[in-house]
Amino acid sequence: MLELIHFNILSVLLFSVGLYGVLARKSAILIIMAIELMLNAVNINFIAAAAFNHGNGLFTNFDGHILTIFIITIAAAEVGLALALILRIFRNKATVNVDSFDIMKL
Amino acid sequence: MIPESSNLLLLMPEFVLAGLALVVFASDLIIPEGKKEWVGRLAVMGLIGLLCVTIFSVMGVNEYVYNDFLLVDHYSFVFKIIFITVGILTILISEEFVKENLTSQGEYYGLLLLAILGMNMLIQSQEFLTAYISLELLSFCLYVLVGYSKFNPKSNEAAIKYIIFGTFSSAIFLYGLSMVYSIVGSTQYSDISGTLAASNAMDPVAILGIALIMIGIGFKIGIVPFHAWIPDVYEGAPTPVTAYLAIGAKIAAFAFLARVVIGVMLPAEELWENWQMILAISAVATMLVGNGIAIVQTKVKRMLAYSSIGHSGVLLSAVVVMGSTNGIVIESLGYYLIGYAVTSFAVFSAITAVTYRNGVELIKDFAGLSDQKPLLAASIAIGLFSLAGLPLFVGFTIKFYLFSSIAIGGYLWLAGIAVFASLISLYYYLIMIKSMYVDTASSEVIHNNIIVKWPMKTVILVSIIATIVLGIYPEPLVNQINEISNLFTP
Amino acid sequence: MVGDSDSLMNELYNIMAFVLIALPLMAALVFMVLPNLTSKSYWLLSSIISVITFGISVFLFMSYDTLTGGTQFSFTVPWLDQGINISFGLGLTGISASMVLLNGIVLLGACLISGDIEKRGRDFYVLLLTLGGGVFGVFLSSDLFFFFLFYELAVLPMYLLIAVWGSSTDFGSFTRSKEYGAMKLMMVLVAASVLIWVGIIAIFVETYLHGTPTFAFEELRRLSENGLFSVEFQNWVFLCFMIGFGVLSGLWPFHTWSPDGHVAAPTGVSMLHAGVLMKLGAFGIIQIGIVILPLGAQTWMPLLMVLGIVNVIYGAVSAMSQTDLKYIIGYSSVSHMGYVLIGAATLNSIGISGAVLQMFSHGIMTALMFVLVGAIYHRAHTRDIYVLNGLIKTMPHICVLFIIAGFASLGLPGLSGFIAEFLIFLGVIKISFWIAALAVLGAALTAVYILRLIARTIVGPVDSSLSDLPDANIYEKIVSVALASVLVAVGVWPALLLDSINVGVATIMSAL
Amino acid sequence: MQYFWLIPVISFIAFIITSLIGNKILKQAWIFPMLAIVLGLGIYCFGLTEYLQSRFDLEHCFRSSVTGMVGCNYSVEWFTAGVRGADSVNSFLGFTVDPLSLSVAGLAIFVALMVQIYSIGYMKDDPRFAWYYSVQALFISSMILLALSDNFLLLYVAWELVGLCSYLLIGFWYEKPEAKEAAKKAFTVTRLGDVGLLIGILLIWIEVGSFNMSDLFTQVGSGEIASWTIFSISGLLFLGAMGKSAQFPFHVWLPDAMEGPTPVSALIHAATMVAAGVYLVARAYPLFVQSEAMMIIVSCVGLITAIGAALICCVSVDLKRALAYSTISHLGLMMLSLGAFGYTAAILHLLAHGFSKALLFLGSGNIMHSIDDLNINRMGGLKSVLPATTILFCIGALSLAGIPLLSGFWSKDEVIVSIVHNRNIVFAISSMVLVFLSGFYMIRLIIVPFFGSPNRDYSHAHKLPFVMLAPMGVLAVVVVLFGWIALYMPGAPASFGTFLFYSHPKNFHLEPDIAIITLVITLLSFGFGYLIYVKRFSIFQNMRIKARLIIEIVENKYYIDELYQILVDKLVLPAAGLVALFDRILVNDVGINGPGYVTRTVGSIIRHHITGRIYVYLALMTTGMIVLGIIWLGIVIL
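Residue numbers (my numbering), protein chains in the order written: chain F, 70 to 175; chain S, 16 to 505; chain B, -9 to 502; chain D, 453 to 1090.
The reader is advised that the hints may include incorrect statements.
Among the chain D residues that face chain B by a calculated CB cut under 8 Å, a handful are [what the hints assert, rightly or not]:
1. 534
2. 539
3. 612
4. 1013
5. 1039
6. 1043
7. 1044
8. 1048
Read the hints as simulated data drawn from the structure, not as lab findings.
We put the beta carbon where it would ideally sit given N, CA and C, even for glycine.
Taking the hints into account, I'd like the entire structure generated from these sequences.
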């Protein structure tokens, strides 16, 4: 039987994978993707909490579901914007390797 | 008890602002190339109108709207006024810069307006999802604005760094929110604080959730250890945008933080006591790291970025002592933010004027400015002296006030470190002043070709005068802010 | 109608203290707004302003009623009645009366002497007047917040004044650039004010927690008498004040900003720097430290006295081996300010009144010296005492006055320095014989370096390269003669100042 | 008498006028100082007469219970410092008129008048004629103040002012390196002594609560002050006196002071200012006599100084320097006398010496004026060139040598009597040696320059104007006649000893045995001098060669100047240099610049965590989160 905790664990794992990806990848696009993973972990958490706790205490409405939809939307916009910016920099530098994005430092 | 209302007219400023943004976007299509500054002027006129609208529609109001999602009160009123004013000033200093350096000028102003809208919503939200969406609205605009200088690799790089960092911190923020939600079942401040205060044995999940939320906000403010993006983004962004980041975005973030702390954290006293220490440590680190690194900078904007980190530390120290002496802290925090804003405008407006044509960025390139453009040099000097906390300028009074309230809150040592940090800051400000006033003009950079037009001149004069007047006659302003603090003192 | 004009006069009389502070600051502001004039006209305008402030300071000094005593010319308006509750309070005490007079004199002198400033005249006079106004503010404030505000305001212009209009000097084995001197001065002084700031905040917090938040001296004093401040509290806060204010008075080992500042500064600024700026610190210790924190004062005074005597001897010995005129005078200032610190540390009325008199006397004397050194430097383009010689042949006026100032400095009776030092000795010998003996010895050491200076530069055979230098110009003559006459007048008739100083000291003593 | 304060004031006004307008009326600049001093002399004479006639019935005058003399005091408040009534110091401008102050003031005014008249001739060609007179006026003003002041503070004021005048006048020809160095030396050395004086005054105030002399003496007399305190106070005062009166080891400045104009040497460095030390000891005599140890110290210092200086005087070839050493020797003798309870004798000798030595110096001034040289070995046979000067000089010299009927004889006899009576045999014999030496050097100074064969060509010698010879003549008359007041003092019951005395008046009595012994010794010394310098006995020449070493030591002033020079060069100056270096390197560069440097360095190190790489930033953020979490846990657990 699936409990809330299982979804939570899944979410933590997904979040961790995303975190790892953010820290380990050198390509800007992969970093964005990893961040998307993290956001998906968030979504899982929200949906699971809303579904399992429905009716208890303050869990009377569909807040969790609504939150998820908003997050998905915003994440999409975010990715779009990020990709646009990456495209821009790719045109100027012909690379998306974040190692080369260090004109400004120290 | 604050009444709830369904009077949507209370959101009139936001509606008007959104409409204004659309009008500005549309006007960009109509206004021909070469007259694009009228887009900005239209925005300014609109914002001035908005100022009136705001004053007439929400002044003195204290009501919840949208099912308790938003709170229209004096706090949000004061900050709305601040945001709109900051917006006006930013647009005014942008005009020449945008014309000389950026393509597609129209959207620039529209995005600025949307950013203001984001701030306005952020400040009056009483619920984390609304807050998050407003924050993202603000952030999206800023991401674009930072990268607005399309062909400037620095600008591109800054935008990339900003957006990756920003989305990453959003993810963390949201993850924290999801954890809190799974315990509380709601994202409203009052519900969360109610649950936190009620449960004696605190749920580790909720604590971790709150922590992640705070980290997300901490990123926006740029406190140590979440400060790394600030220097790069400030440096890479077009100068007026840097000003906007350093002034508008920072004020918004702090206003938001204060709201969250007051709404969520303070009722859970035990939790807050632990947090105070964490924040204090972070504040000390922020002040020392920011000012310490600023000393060795050679580029003006980067130096100001680090100095801005240092100021975040000072402000964070004020947040630390919230709770024990609410009223006076909020009062001093508000006063500090306003004083910081006018002072920073004195600095940034002049720096924008200097950089818009010559693109100078090194401190030593400012040599000889006082001979060639005395007004700009004076503006920067006054602003820097004020930032360093020297008197006659507002910087002295706000620091004195803020440090006193920190000390009253029981953190005299923190106040002491803050004073010490402002001593360090004096050193690098003086280096900048030396460059302008003492060093002889270099042959490579000549400032004589700078033309200071009336919008810029207005901002410079207004900010200089405000820097002085607010410093020596702060009473009306403080009284206004005092109204806010009364809201939070039972 | 008569009554009206009477009350107007009364009004004006009451706000005199405010006018004194506001006038130079307003003038500075007006200069900034005014269209560009020539340097000469700014000089003329600021000279007029300083003549007026001089007049007002003389008026305040003369009208200070020594029979009534206490704080007079009180002027209080609420400034912030919310939150931390600050009022803008001014008042003239017996001690500040003579200090205000000192600043009036030195500011006038500094303005008159600076007529040769060509570069950026406007900025120079704006800053100079701001400095003067700030100093007046410190002496007249009766409120800790404004005291500190004016204190910082007085420090603020120093950086630019030195860094822009100063001069760099190469000493062979090392160099002292004007930027370095200015930066060091500014950083050390502001670092010192960090301590003061912390102390002020600590005091305020105590009063706030007690339910009577205040910055006003009178109020704080009353609270202190009622035992609000515990001994431990007083101990650490007074230590902050002692070091913080002490640094501004050249307290060893934080004194090097002062000689290096002098070496870099232009003449008028040196005058104000040594003449009044260094007095602010001692004034703070006496007027605030001792009055508000008497128990702390009692704890730390032995240390201050020892440091003061180190100042005296160390400054004098350092001055002995210097070769730059300004260094010599700078270290002599360090040495003389040591007397002030010792005098304050005696915590008895004679010592403190001696300290205040010494502040006045040293202010005038050292201002005079800097006028003359500035004049010499202006003509000979060097301050090296091994290069300068036999100057009295070519510049008799400058040299004669220099000798007068020098003798005032070594404590020759008949000039003001003697009475001041003598009173300090009297105060000290009540505490410790050996400290007094060392202090007297210090005065003898002063003779050594002053006479060395005179023998090297002023008398003796004259070099051909120096033989056709002109003597002082009319302004230098006026200023130097006026300052020298003050030295003589106070030396011959010290009661001029001592009457009001005694009253002020009586107030302080009643706090102990 | 109550107008005595006018004397210094008038002179001071003359000083101011002359220094302001002196250069405009260059050749007439002497008028105001002269006028002032003549007026002063007038006031003094009236005052003296008044004192002598009616001192017992004047309102302000009363007999001191300690000294027994009648003193008249007048004072006004000068200043008060501190809280009035509680803890304050009151100081008065007051003067006292008693036999002691009258004597010294009289000496000062009279000699000053003579010297000023003399200077009209002597200084007339000097470009700084006006400056000379104005400083002279200041000197007179302060010297009279010194003599008259009734409290120690005022005395100290005057004490320093006369020092200032001495400084200014020694350095009168300041272009000369020797002159400026001598001036510096004089002021510095006396200043060192003054440290003692000032501390002594401070101690007096602590003990008595006032600076007033009579208050001090009353308390001392009533035995309220511990003997140790009396010893230290008197010792400290004596330090000041030693400095001013050029007593060993502070004597080094006086010979160098001869760089000043000769009339200045006559007035300041022979007759008046240098005697101030003796005057101070005499003034504070009630204090000194309370401490037996101090009296012995005073005698010893006096004796050492007297003999040491007399020996140097015997070999000095510079006429003025020789006279200066003679002055030191005589000052030593006065100190010796004071230490031997010869109070009256010392003052009498002070006066007699003052007149005589002024005469001698003016005589040497004549020589200087006419042949512009002071080396006695290059003179010889001056008697034919300067006959009048020769006579006058001889009168002065013989007076100091102690030839009967001249004033020096009486005073010296009085001194010797007190030494023999009050001190042991060593002192007695030493004083006899001293008599011999002073006789010897005086006869040497007479024989070598004035008599014998000329060693140079005098054809270019300048003639002496009357204005220079006249005051010398007056002085010579005084020198001849003055000593008789030892037997009869007008206005007093009998001798000078009934006018000026300590504790009880005592008549002067000539003790024939002592008088005869000293006379014999003096004559012996004359004979000795005659044999050496006139007959040039070869035995003495041989002795001279054999005692080369000793003579060399004496000629080099026992190497004391060199010792001081080494002390200054090798100890004081390097120490000062070291302090300055310490100040620059350690205090400034390390102590002040150091923290700034450290901050900068730390800044430039920690800036390296901003690497510019996004993933590093993100990692930093993550690590920061974890670190904050650990801290948070720590806080929660604690």
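Verification of the hints:
The restraint placing residue 534 of chain D at the interface with chain B holds, with a minimum CB-CB distance near 4 Å, inside the 8 Å limit. This hint holds: residue 539 of chain D has a C-beta 5 Å from the nearest C-beta of chain B, less than the 8 Å allowed. For residue 612 of chain D, the suggested interface contact is upheld, since its CB lies about 5 Å from the closest CB of chain B, less than 8 Å. For residue 1013 of chain D, the interface hint is violated, the least distance from its beta-carbon to any beta-carbon of chain B being 17 Å, above 8 Å.
With its C-beta approaching chain B no nearer than about 5 Å, residue 1039 of chain D sits inside the 8 Å limit, and its interface hint holds. Restraint check, residue 1043 of chain D versus chain B: the minimum CB separation of about 6 Å is within 8 Å; hint holds. With a cut of 8 Å, the hint placing residue 1044 of chain D at the interface with chain B holds, because the nearest CB-to-CB distance is about 5 Å. Among the interface hints, the one on residue 1048 of chain D holds; its C-beta lies about 7 Å from the nearest C-beta in chain B, closer than the 8 Å criterion.
Comparing the model with each earlier hint shows a violation of hint 4 alone; every other hint is respected.
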